[in-house]
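Peer 1: With chain A fixed as given, assemble chain B onto it according to the hints.
Chains as they are written, first to last, in full-length UniProt numbering: chain A, 1 to 350; chain B, 1 to 350.
Among these hints, one or two may not hold up.
One side of the interface only, derived from the structure: several residues of chain B facing chain A at Cβ under 7 Å [unchecked claim]:
1) A155
2) P215
3) N287
4) Y294
Hints in this document: simulated from the structure, not taken from any laboratory. Note that beta-carbon positions come from the ideal geometry of N, C-alpha and C, so glycine has one too.
There are 2 protein chains.
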Amino acid sequence: MLKVGINGYGTIGKRVADAVAAQPDMDVCGVSKASPDFGADGAVRRGYALYSAREDRLSAFRDAGYDVAGTSEDLIEESDVVVDATPGGIGAENRPRYEAAGTPAIFQGKEADDLVETSFNARANFEAAEGAEYVRVVSCNTTGISRLVAPLEEAYGVEKVRATLVRRGGDPDQTGRGPINDILPDPITVPSHHGPDVNTIFPDLSIDTMGLTVPTTLMHMHSLNIELESEPTSAEVRELLAEESRIFVVEDDLAIDGTGKLRELARDRGRPRGDLWENCVWGESINVQDSELYLFQAIHQESDVIPENVDAIRAMTGLADGDESMQTTDEALGIGLPDPRRAAVTSPAP
Amino acid sequence: MLKVGINGYGTIGKRVADAVAAQPDMDVCGVSKASPDFGADGAVRRGYALYSAREDRLSAFRDAGYDVAGTSEDLIEESDVVVDATPGGIGAENRPRYEAAGTPAIFQGKEADDLVETSFNARANFEAAEGAEYVRVVSCNTTGISRLVAPLEEAYGVEKVRATLVRRGGDPDQTGRGPINDILPDPITVPSHHGPDVNTIFPDLSIDTMGLTVPTTLMHMHSLNIELESEPTSAEVRELLAEESRIFVVEDDLAIDGTGKLRELARDRGRPRGDLWENCVWGESINVQDSELYLFQAIHQESDVIPENVDAIRAMTGLADGDESMQTTDEALGIGLPDPRRAAVTSPAP
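Pulled out of the complex, with its shape left as it was, chain A reads as follows (with noise of 0.2 Å):
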């Protein structure tokens, strides 16, 4: 069983963890927390061994009552794969400890392209990522359009892509964040950052985004504007993303009319914390007319990098090929909302 461990333990190193644990070639040997807060019971709770992300942090885990393992530097030490799961820019200077003590590292999207040897998309750049020791999970949006862009390219061609991202303002643990009642350009200037970042995935892809922020806590909406080189119908394409076991199709008569009713359907699946790691892309909304496709589509941004995170981490071990692991991930977490109506409730350990 390969040994990972989790640097980081918030919004996504919780959820990376769980998604290790939930698979079949792989265990958590421990998580590292910068501080004693509600979220070390939660590791402690689910048996994982706690590490102090610093050495003069170990007294106030212990002063917390908890039964510390030692530093993020034995972390490091113990583990075959590290997933790095800091906030943005710790990645960075934690990349000099990883090599050090020889272990590979998996880092996450808010770090820069050129820390690692190779962004990453399971479903469009699988391969890549093969042998390497560094290695990056792109963003919840990045990863969200290069799951809809790589089975478009493959079967169509693409021939540009216009999207708006209207962004959640923070996720429902930033009480720090807003706005409240505001729709603010973010950023103001076009087209924004996020084109770029989906160019390390697609370095050839013509792509133009626009960002916005509103005071909602649930999903990202992207409203996506996509010339095709060839002109299949709105029928085609959409039995083609139906097909993508990490995109989820919303038929017109479930009757979800938002990102609420998608986090609810979630919550009645049993899904562990209501995640759900799929694109979520409205049937109805997916419409050609003259090469040119529209669609709606949510993004969890908590937990739709988590399945990608598990898929990193073999491409860079050779514990499997792409679609192996691909389909060894989505069985152990239970992904694919192919009909929410007939699919039996699943959940990842504990």
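Peer 2: Relative to the frame of chain A, chain B by itself:
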């Protein structure tokens, strides 16, 4: 002085009344309301003659202590022109009443285009309403797009418009509306009905729109992609738009990051009700690449159609031609924020 009656004294009606009262060539001869709520108090305080929308509500107004001049039938008889600002669909029911009295009438954007001789935007098709008896001022979103498309079409030619309209869930006084903490594709089907509505002003324009609704009340936000027939620079487009009196190009150094600060600027300027009659286009967002123009604009849903209603009155009655009418309206209201740091504070008479 032209006698203008206002039938329906809600969000639009009360603003049209004040705008008419501020003009040098027309007077408010009365306003008609459905019920004696706090809006009736506002009408009386402004000195408008108050009419009851229905005969059977006269006693309700009188019981509430209001001196009512009659019913809306009386107001229609009394008026040279009526601005119908009743809720969507009621305008169509009212048209036979205007016909019976021989009174020309202006309807709002929620009525159907085929109810009238022409749909109307002062900047784009003033002439179409000259001498007409029944005219429809298009919706706030269509007004916003029309003001933008008209100068671009004249200067460069427009090949295609693609717009994502991120709409506010309700106005500040619409307490029964949502969503809370959600982003709704609205409508889910693409393209939305907004594009065809713009075609009531520009019949030959190629335009696809996508609608979303978010939990805000202040303004709509448009994320726009416009393919031009020629290739101006970003700076040229910025200058072109800055010359339009009803487009406010938001300068970078004002540090206006969203709709909240825009409305705060309007409040600081002493604008009545904090209204923003102009399209608000972020200058920094204006970007032309390969003949494709991108920009963000915010639209104040409660007020951008107000000057258009005033101009429609002049077009129908022959009081002025388009340029003269728009100039008179703009001066009377204090429209135009070319440089809010230097412009004088102006507000219309209450």
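Peer 1: Give a verdict on every hint.
Peer 2: Okay, the hints, checked on the actual structure:
The criterion of a C-beta within 7 Å of any C-beta in chain A is not met by A155 (chain B), whose closest approach is roughly 20 Å, and the hint is violated. Because the closest C-beta pair between P215 (chain B) and chain A is about 6 Å apart, less than 7 Å, the hint holds. At its closest, the beta carbon of N287 (chain B) sits 5 Å from a beta carbon of chain A; the interface hint therefore holds under the 7 Å criterion. Hint status for Y294 (chain B): holds, given a least beta-carbon distance of 4 Å to chain A, under 7 Å.
The structure fails hint 1 only (numbered hints given earlier).
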